[in-house]
Structures are given as structure tokens and as C-alpha cells.
Amino acid sequence: DAKTTQPNSMESNEEEPVHLPCNHSTISGTDYIHWYRQLPSQGPEYVIHGLTSNVNNRMASLAIAEDRKSSTLILHRATLRDAAVYYCILTSSSNTGKLIFGQGTTLQVKP
Amino acid sequence: EPEVTQTPSHQVTQMGQEVILRCVPISNHLYFYWYRQILGQKVEFLVSFYNNEISEKSEIFDDQFSVERPDGSNFTLKIRSTKLEDSAMYFCASSESGRNQPQHFGDGTRLSIL
Numbered sequence: 001d002a003k004t005t006q007p008n009s010m011e012s013n014e015e016e017p018v019h020l021p022c023n024h025s026t027i028s029g030t031d032y033i034h035w036y037r038q039l040p041s042q043g044p045e046y047v048i049h050g051l052t053s054n055v056n057n058r059m060a061s062l063a064i065a066e067d068r069k070s071s072t073l074i075l076h077r078a079t080l081r082d083a084a085v086y087y088c089i090l091t092s093s094s095n096t097g098k099l100i101f102g103q104g105t106t107l108q109v110k111p
Numbered sequence: 001e002p003e004v005t006q007t008p009s010h011q012v013t014q015m016g017q018e019v020i021l022r023c024v025p026i027s028n029h030l031y032f033y034w035y036r037q038i039l040g041q042k043v044e045f046l047v048s049f050y051n052n053e054i055s056e057k058s059e060i061f062d063d064q065f066s067v068e069r070p071d072g073s074n075f076t077l078k079i080r081s082t083k084l085e086d087s088a089m090y091f092c093a094s095s096e097s098g099r100n101q102p103q104h105f106g107d108g109t110r111l112s113i114l
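Line by line, the protein sequences are chains A and B.
What the first sequence shows, in the working numbering, is residues 1 to 111, in sequence order.
What the second sequence shows, in the working numbering, is residues 1 to 114, in sequence order.
A few of these clues could be false.
Straight-line distance between alpha carbons at most 27 Å, and here's what the computed BS3-like set of lysine-lysine pairs gives [unchecked claim]:
#1 B:57 - A:110
#2 A:110 - A:3
#3 B:83 - B:42
#4 B:78 - B:57
#5 A:3 - B:42
#6 B:57 - B:83
#7 B:42 - B:57
#8 A:69 - B:78
#9 B:57 - A:3
#10 B:78 - B:42
What the hints contain is simulated information worked out from the structure, not anything from laboratory work.
From just these sequences and the hints, can you work out the full model?
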């Protein structure tokens with residue numbers, strides 16, 4: 001399973017944009033990049049995913065580098081509710097869809 | 001919005017007893033998963049299930065564990081003889097079409113083994 005590297009923690013101020021980086025230098029051509037988050041005392045929550053092109057949804061944007069060796073999750077305007085652990089996960093067409101969670105990035109949002 | 005629901009939210013069981021954790025996946029989903037998270041640790045994959053059979057399992061998912069989809073709506077995880085180290089949050093997830101599609105998680109069952 002291809003691995004990802006994320007910073008352990010990041011801080012942001014409320015109502016400011018947040019850019020959460022992820023490195024995945026061993027990504028293969030058919031691996032998708034997924035982002036999930038886990039709020040305190042809750043199950044993981046799907047945020048966004050993509051293959052090659054940048055993606056936008058109501059929660060966030062995903063910017064994927066041209067060589068696909070890194071990606072950035074963008075929260076356009078952080079709220080206190082966005083304080084969570086954010087996980088960058090690669091999935092492969094060759095496996096069963098299992099998600100391999102790392103330690104993720106703990107995002108603190110200051111009022 | 002449809003949700004994955006898990007019951008009970010908290011289960012306390014004596015060591016050595018059997019426990020069944022229940023999940024109702026989203027109704028049109030075809031792929032089902034169990035994960036666990038020991039307090040303070042990473043979320044760990046246990047098993048994936050598709051077309052009424054296990055498609056992949058981790059090393060954690062030994063002979064003490066089993067999964068079943070007894071009817072069209074429930075998906076259960078059974079631990080035959082619980083151990084202290086089975087104490088964890090157990091999360092069920094489902095996805096519409098597996099592999100590279102989003103998984104939707106329940107809020108989990110906290111299992112406490114005494």
C-alpha cells in the first residue's frame with residue numbers, strides 16, 4: 001500500500017483558509033487520493049477525493065500536483081467545527097477499498 | 001442524508017464472553033467494512049465484505065472474529081471470546097461501489113472488556 005506523509009499538527013485562525021499538505025511520492029498511476037477527517041468522539045468522515053484533476057465540493061477543495069506526488073486539502077474558511085484530525089489516504093484499484101489510516105494532521109482552529 | 005447507524009453505542013462485556021456489534025449500512029451500498037480504533041491510536045482496518053463474503057481481512061481479524069449480513073439491512077461483527085485488548089471503538093462503514101469510492105462511517109460502538 002502506497003504511503004502518505006503529513007505534518008503531525010497545524011494551527012489556523014477561524015475564518016481564514018487552511019492548506020493541509022500531503023506527500024505521496026510512491027503513488028502509482030491508478031491510486032486515488034482521499035481525504036477523511038475525524039472530529040473528536042466521532043467516526044471518520046469523508047471529505048473529498050480525486051485522481052489527477054483538482055476537485056471541489058461543498059466541504060473543501062483538493063489540489064493535486066502535476067506529478068501527483070503531493071496534494072493539498074484546502075478549507076476555504078476554517079470554522080471551529082473544522083478542528084479535527086485530517087487523514088490523507090491512497091486507495092488502489094487492486095485492493096478491496098480498505099482505508100489505511102496514518103496518524104493524520106491534527107488541525108487546531110483558534111477563535 | 002442517509003447514514004450508517006451502529007448499535008449499541010457502548011457495550012460493556014466480561015472477558016471471555018461473546019459480543020455482537022450491529023450496523024445498518026446505507027441502503028443502496030454494496031461494500032461493507034469494519035474498522036477499530038484503540039484509545040489514542042490509529043484507525044485500523046479489520047475486514048471488507050462484498051457479495052456476501054469477506055473480500056479482505058487484516059491480521060487483527062483472526063478466528064475470534066466473524067462478520068455476517070443476516071438480512072438485507074444489517075451487517076454484524078461478532079467477537080467469539082473477548083479479550084481485554086479487544087477494548088476499542090469499532091466503526092462500521094459502507095460504500096456504494098467499493099474500491100475508490102467514498103466510505104461512509106457510523107459513529108461507532110465503544111466496546112469495553114472487563
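Evaluation of the provided hints:
1. B:57 - A:110: violated, 40 Å
2. A:110 - A:3: violated, 30 Å
3. B:83 - B:42: At roughly 19 Å apart (the allowed maximum being 27 Å), residue 42 (chain B) and residue 83 (chain B) satisfy the hint.
4. B:78 - B:57: It holds: about 14 Å lies between the C-alpha atoms, which stays within 27 Å.
5. A:3 - B:42: holds, 15 Å
6. B:57 - B:83: Answer holds: residue 57 (chain B) to residue 83 (chain B) is near 19 Å, not above 27 Å.
7. B:42 - B:57: holds, 17 Å
8. A:69 - B:78: violated, 40 Å
9. B:57 - A:3: holds, 19 Å
10. B:78 - B:42: holds, 21 Å
Checked against the numbered hints listed earlier, the structure breaks hints 1, 2 and 8; every other hint is satisfied.
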